[in-house]
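Peer 1: Below, each chain spelled out in residue letters.
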Amino acid sequence: MAVVPLTLTISLCLVFTFVVFFLREHARGPLSSPERDSLLPLAEERPRLAGGGAAHRRTDA
Amino acid sequence: MPASKLTLEFNDQVVRQFVLASLVWGVVGMLVGVLVASQLNFWQLNLGTSWLTFGRLRPLHTNAVIFAFVGNMMFAGVYYSTQRLVKARLASDFLSALHFWGWQTIIVAAAVTLPLGLTRGKEYAELIWPINIAVALVWVVFAVNFFWTLARRREPSLYVAIWFYIATIVTVTMLYVVNHLSLPTSLTHSYPVFGGVQDALVQWWYGHNAVAFFLTTPILGIMYYFLPKAAERPVYSYRLSVVHFWSLVFVYIWAGPHHLLNTALPDWLQTLGMTFSLMLWAPSWGGMLNGLLTLRGAWDRLRTDPVLKFMAAAVTFYGMATF
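Taken in sequence, the protein lines are chains U and E.
FYI, in the working numbering the residues of the first sequence are 1 to 61.
FYI, in the working numbering the residues of the second sequence are 1 to 323.
Just to be clear, a hint being listed does not mean it is correct.
[As the list claims (entries may be wrong)] Calculated lysine to aspartate or glutamate pairs in the DMTMM-like style (CA-CA distance at most 25 Å, straight line): (1) E:229 to E:155; (2) E:229 to E:305; (3) E:229 to U:44; (4) E:87 to U:25; (5) E:309 to U:25; (6) E:122 to U:35; (7) E:87 to E:232; (8) E:122 to E:232; (9) E:122 to E:199; (10) E:229 to E:9; (11) E:309 to E:232; (12) E:309 to U:44; (13) E:229 to E:126; (14) E:87 to E:199; (15) E:122 to E:267; (16) E:229 to U:35.
Derived from the structure by calculation, the hints contain no laboratory data.
The task is simple: from the sequences and hints, build the whole structure.
Peer 2: In structure tokens:
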């Protein structure tokens with residue numbers, strides 16, 4: 001099997017996908033900012049004991 | 001407008017299952033490692049059977065530690081952090097369970113076939129073709145479950161950890177499928193569709209990037225979620241994390257040819273692989289420094305917080321290993 005055409009095909013598919021998603025995201029405008037995004041892991045999480053103990057619950061007011 | 005109250009219930013059962021499986025397979029994989037290391041000095045530890053010889057157990061050790069120990073831990077970390085970062089429960093409990101049990105079945109199949117001497121003979125790609133197909137299918141289950149969860153997210157912005165997870169899923173799919181393209185000759189044997197130096201190049205394009213996109217990018221994503229959480233402060237530089245992400249994924253994929261130095265591979269390609277390997281130093285240290293600097297102002301807590309101690313040690317060793 002010819003590796004170069006295969007590599008080029010896959011790479012071009014990825015480039016095309018990137019361009020499509022980039023243009024879509026660009027057209028939508030900024031959803032957030034780095035300052036806000038950096039706080040996402042610190043969002044408050046208050047675990048409560050569930051009856052079955054199978055899941056944590058998170059409450060947003 | 002009245003304030004609304006939203007209660008989210010996460011699927012943490014599958015997370016716990018993956019963590020438990022990681023611990024079990026970690027013990028198994030490392031015990032096999034101790035055995036094969038001992039065999040190098042004490043040949044009697046072959047125990048007189050071909051099933052337990054070094055050549056058969058060594059790939060069992062590497063597969064168990066990479067795909068079973070780290071793999072299960074990585075799935076647990078991805079599922080735990082993704083649900084919280086996108087504020088949505090995993091899209092499908094069925095797919096989550098299928099992912100977990102499918103992956104464990106593959107590991108058991110590997111643990112049986114490798115000691116039997118059934119192998120494709122390629123490093124980190126030893127498993128025979130029926131198991132390769134199972135791996136691809138279970139990986140697709142993982143991908144569908146993950147992207148379906150993203151599609152149902154309540155948080156519009158994707159935190160950088162999610163980007164690392166997306167890179168992992170997309171790139172491992174591409175690497176695994178291309179390097180495992182084979183022509184079966186029986187249920188347990190096949191030939192790769194590539195030949196000669198092309199086969200070697202594809203193998204090490206896969207082999208090196210198995211380290212990059214199975215062992216590195218998902219773990220960095222997990223670091224970007226858990227380190228700020230443990231340190232109780234945001235990541236040192238979010239902008240650096242974005243630069244780190246794009247530079248790492250762009251540079252890493254070219255470094256495979258450094259496994260084929262002084263071979264029949266064209267000189268220019270060997271040089272290209274070496275050059276990109278050197279360039280990889282910058283993004284690797286970008287991530288390492290971003291992790292360490294996140295601990296600014298919290299270093300005193302390393303004396304009392306074992307989680308932070310382990311994380312600081314892990315990030316430091318990552319920096320040393322990539323030097």
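Peer 1: It remains to establish, for every hint, whether it holds in the given structure.
Peer 2: Results for each hint:
1. E:229 to E:155: Distance of about 18 Å is within 25 Å: holds.
2. E:229 to E:305: 13 Å, holds
3. E:229 to U:44: The hint holds at about 10 Å.
4. E:87 to U:25: Given pair residue 87 of chain E, residue 25 of chain U holds - Cα atoms ~21 Å apart, limit 25 Å.
5. E:309 to U:25: 39 Å, violated
6. E:122 to U:35: Roughly 45 Å between the alpha carbons, so the hint for residue 122 of chain E and residue 35 of chain U is violated.
7. E:87 to E:232: 19 Å, holds
8. E:122 to E:232: Between residue 122 of chain E and residue 232 of chain E the Cα gap is close to 44 Å, so the pair fails against 25 Å, i.e. violated.
9. E:122 to E:199: 10 Å, holds
10. E:229 to E:9: 20 Å, holds
11. E:309 to E:232: It holds: about 14 Å lies between the C-alpha atoms, which stays within 25 Å.
12. E:309 to U:44: 23 Å, holds
13. E:229 to E:126: 38 Å, violated
14. E:87 to E:199: Between residue 87 of chain E and residue 199 of chain E the Cα gap is close to 44 Å, so the pair fails against 25 Å, i.e. violated.
15. E:122 to E:267: This hinted pair holds, its Cα atoms lying about 23 Å apart.
16. E:229 to U:35: 16 Å, holds
In summary, the numbered hints that this structure violates are 5, 6, 8, 13, 14.
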